[in-house]
Amino acid sequence: MADGTSVPIGVMAPGRPTAGRSNMRRFAQRRSTTGFLLALPLILLVAGFVIYPAFYAIYLSMLNKKMTAFVGLGNFEFLLKRHTFQLVIFQSCLYAITSVVLKVLIGFILAHLMHNIPGKNQRIWRGLLLVPWVIPLALSTLTWWWMFDPSYSAFNWVLNQFGFANVPWLGVGWTARFCTIVVNVWYGTPFFMIMYLAALKSVPEQLYEAAAIDGAGAIQKLFFVTLPMMRNIISITLLYSLIVTFAEFDIVRILTAGGPQDMTHVFATYAFQVGIQSGDIPLGASDSLFMLPILAFAAFFVLRGVTKRTKEIAA
Amino acid sequence: MSATTADRRIAVAAARKHSLHRSRMWALWGSYAALTVFVIMFLVPPFYTLMTSLKSSAEISAQVGSPWLVRHPTLENFWYLITYPNFQRYYLNSIIVTVLTVVVSMVISVLAAFSLSRMGFWGSQMLSTGVFLTYLVPPSLLFIPLFQIVGKLGLINNFWCLVILYPTLAVPFCTWIMIGYFSSIPRELDEAALIDGAGYLQMLWKIFIPVAMPGIIAATIFAFTVAWGAFLYPLAYLYTSNQMVLTVGIISDLIRGDVFQWGKIMAACLLASLPPIIIYAFLMDYYVAGLTAGATKG
Numbered sequence: 001m002a003d004g005t006s007v008p009i010g011v012m013a014p015g016r017p018t019a020g021r022s023n024m025r026r027f028a029q030r031r032s033t034t035g036f037l038l039a040l041p042l043i044l045l046v047a048g049f050v051i052y053p054a055f056y057a058i059y060l061s062m063l064n065k066k067m068t069a070f071v072g073l074g075n076f077e078f079l080l081k082r083h084t085f086q087l088v089i090f091q092s093c094l095y096a097i098t099s100v101v102l103k104v105l106i107g108f109i110l111a112h113l114m115h116n117i118p119g120k121n122q123r124i125w126r127g128l129l130l131v132p133w134v135i136p137l138a139l140s141t142l143t144w145w146w147m148f149d150p151s152y153s154a155f156n157w158v159l160n161q162f163g164f165a166n167v168p169w170l171g172v173g174w175t176a177r178f179c180t181i182v183v184n185v186w187y188g189t190p191f192f193m194i195m196y197l198a199a200l201k202s203v204p205e206q207l208y209e210a211a212a213i214d215g216a217g218a219i220q221k222l223f224f225v226t227l228p229m230m231r232n233i234i235s236i237t238l239l240y241s242l243i244v245t246f247a248e249f250d251i252v253r254i255l256t257a258g259g260p261q262d263m264t265h266v267f268a269t270y271a272f273q274v275g276i277q278s279g280d281i282p283l284g285a286s287d288s289l290f291m292l293p294i295l296a297f298a299a300f301f302v303l304r305g306v307t308k309r310t311k312e313i314a315a
Numbered sequence: 316m317s318a319t320t321a322d323r324r325i326a327v328a329a330a331r332k333h334s335l336h337r338s339r340m341w342a343l344w345g346s347y348a349a350l351t352v353f354v355i356m357f358l359v360p361p362f363y364t365l366m367t368s369l370k371s372s373a374e375i376s377a378q379v380g381s382p383w384l385v386r387h388p389t390l391e392n393f394w395y396l397i398t399y400p401n402f403q404r405y406y407l408n409s410i411i412v413t414v415l416t417v418v419v420s421m422v423i424s425v426l427a428a429f430s431l432s433r434m435g436f437w438g439s440q441m442l443s444t445g446v447f448l449t450y451l452v453p454p455s456l457l458f459i460p461l462f463q464i465v466g467k468l469g470l471i472n473n474f475w476c477l478v479i480l481y482p483t484l485a486v487p488f489c490t491w492i493m494i495g496y497f498s499s500i501p502r503e504l505d506e507a508a509l510i511d512g513a514g515y516l517q518m519l520w521k522i523f524i525p526v527a528m529p530g531i532i533a534a535t536i537f538a539f540t541v542a543w544g545a546f547l548y549p550l551a552y553l554y555t556s557n558q559m560v561l562t563v564g565i566i567s568d569l570i571r572g573d574v575f576q577w578g579k580i581m582a583a584c585l586l587a588s589l590p591p592i593i594i595y596a597f598l599m600d601y602y603v604a605g606l607t608a609g610a611t612k613g
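Protein chains in written order, with my numbering: chain A, 1 to 315; chain B, 316 to 613.
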């Protein structure tokens, strides 16, 4: 502590009160300057690679394909009239909503099952259940692709053993949609499980005891104790996952690349195909901007939920 | 008379206790059974990856018998990959990109979290909220304008662009976790340090970082996970094999036209998943604690 920084408080505070006050102000000023400088890298990173690109995307989306002329909202109009894009909107919503609902349900069930077993065994089971979520998604999706292989694949072999015909898993529209959702649920459920398990553990035991004394059964305990206590965390995880799933890219890109007949494209994969592969950057930018209203809507409620939750915990 | 009622009451109580015990046992074994089913379902793909990776190309293309079992296990796929220069290149690139991303992200987010949790400056409250909102911005929203920006920087098909871009994915959440951990450190501790004459950086280094070590580990694992597994940015910005990282390298290199060398692909997936699996095996508790704290505490 013998370096040059040891001047401010220790020496001056016991001295004259006026000098002390001006020193305090200088101290506060220096504190906020240091604070700003420490946060500066973060501000620059976010400004340069998140905020600037976001506005740049809006600008790009209003140019023509060669990026020479300004076309206003022409790209958006063009997209909305296109049948493929109408499919994209429908599929993105279907994909996100179905997967998120399934993930919430299965995650909730799993968390309850985990909560039932004794604490010392939970660690190993949690470890096993977290495996899907630990493997990088792009790589595990490759395995799924191989398992969905039409000719000699894992699933079709099992079906054949039971006397069913081969299913062209990724070759037919609705089956392919189903497959993408299955992979997403497989990957995302563990996240919900650990979130809900943590939330379940934070529900005070006395509440259940009080409910039991009042004669509540298991289902009543679930609906009148567990769910109200977990309402906030459920809504936060649900909306957060809605954002992530809605903007999902890896699974659809690897499994089907949008096919068959564009029946599995979601916003992200379609933007990639149009913007990067076909080189129509403005159209791709306007395609991904369509996600913005839905994301902003969900983000607003996530933020509100988190603030509320923070206050609850602080109280 | 009174003795018999008392006896009966005891008997009834014992029976009830017994049935309660039995129903608890049922719930316990039921839970174990259901969990086993879920674990089997969840572990099918990794198991299948392992099985396929141990098969020779001949065994896969023969298409006889159950694809779930391996008859003549061989390590030839792994050997091929370990000695394959391109695969070594991807692995090395992944390691370089991940290590640099983790270092850059952690420096930025620890400094920012320290400042945001302790030193109020004009707009710091707004910045905290902004950081959380940035966390909610998905990469698929920005990859097209970033393509133009990366192009202007002259970094297309250069893995250094990932070192610049990955921190945007990792830093917001890391900062968010670290703000939570730093805020839980009592203020008396930094007042004591200030009175003893410590500077801010000294305070951060000697008090905040050691005390918030679990949070730092959690944030580091998060940054690692993001950087190791990201797929969209490298797919969009890299196209020659000397620049690729594992996630895109495996897909573009081992799939040539319609020829799928599934044995090698699966072995590559296994090798590429190894670092995250090892890290999680040892540090899962920290990560889970950080993650749940991040979502519930703030």
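Because the hints were derived from the structure by calculation, they are not lab data.
Note that the Cβ used here is the ideal one computed from N, Cα and C, for glycine as well.
Hints should not be assumed to be uniformly reliable.
Just some of the chain B residues that point at chain A, by a computed CB distance under 10 Å [what the hints assert, rightly or not]:
1. SER376
2. TRP383
3. VAL385
4. TRP394
5. THR398
6. ASN401
7. VAL452
8. LEU470
9. ASN473
10. PHE474
11. SER588
12. PRO591
List of simulated lysine-lysine pairs, DSSO-like, C-alpha gap at most 27 Å [to be verified]:
13. B:LYS467 x A:LYS66
14. A:LYS65 x A:LYS81
15. A:LYS221 x A:LYS201
16. A:LYS65 x B:LYS521
17. A:LYS308 x A:LYS221
18. A:LYS120 x A:LYS221
Status of each hint after checking the structure:
1. SER376: Interface hint status for SER376 (chain B): holds (9 Å vs cutoff 10 Å).
2. TRP383: Since the shortest Cβ distance to chain A is 6 Å, the answer is holds.
3. VAL385: Not OK, violated: VAL385 (chain B) not within 10 Å of chain A, min 13 Å.
4. TRP394: violated, 20 Å
5. THR398: violated, 21 Å
6. ASN401: violated, 17 Å
7. VAL452: holds, 6 Å
8. LEU470: Since chain A brings no Cβ nearer than about 12 Å to LEU470 (chain B), farther than 10 Å, the hint is violated.
9. ASN473: Where the cut-off is 10 Å and the nearest Cβ of chain A is about 16 Å from ASN473 (chain B), the hint is violated.
10. PHE474: Interface hint status for PHE474 (chain B): violated (16 Å vs cutoff 10 Å).
11. SER588: holds, 5 Å
12. PRO591: Holds. Min distance 5 Å.
13. B:LYS467 x A:LYS66: holds, 16 Å
14. A:LYS65 x A:LYS81: holds, 17 Å
15. A:LYS221 x A:LYS201: Satisfied, since the Cα-Cα distance of roughly 15 Å is no more than 27 Å.
16. A:LYS65 x B:LYS521: violated, 55 Å
17. A:LYS308 x A:LYS221: holds, 24 Å
18. A:LYS120 x A:LYS221: Answer holds: LYS120 (chain A) to LYS221 (chain A) is near 25 Å, not above 27 Å.
Hint compliance for this structure: hints 3, 4, 5, 6, 8, 9, 10 and 16 are not met, and every other hint is.
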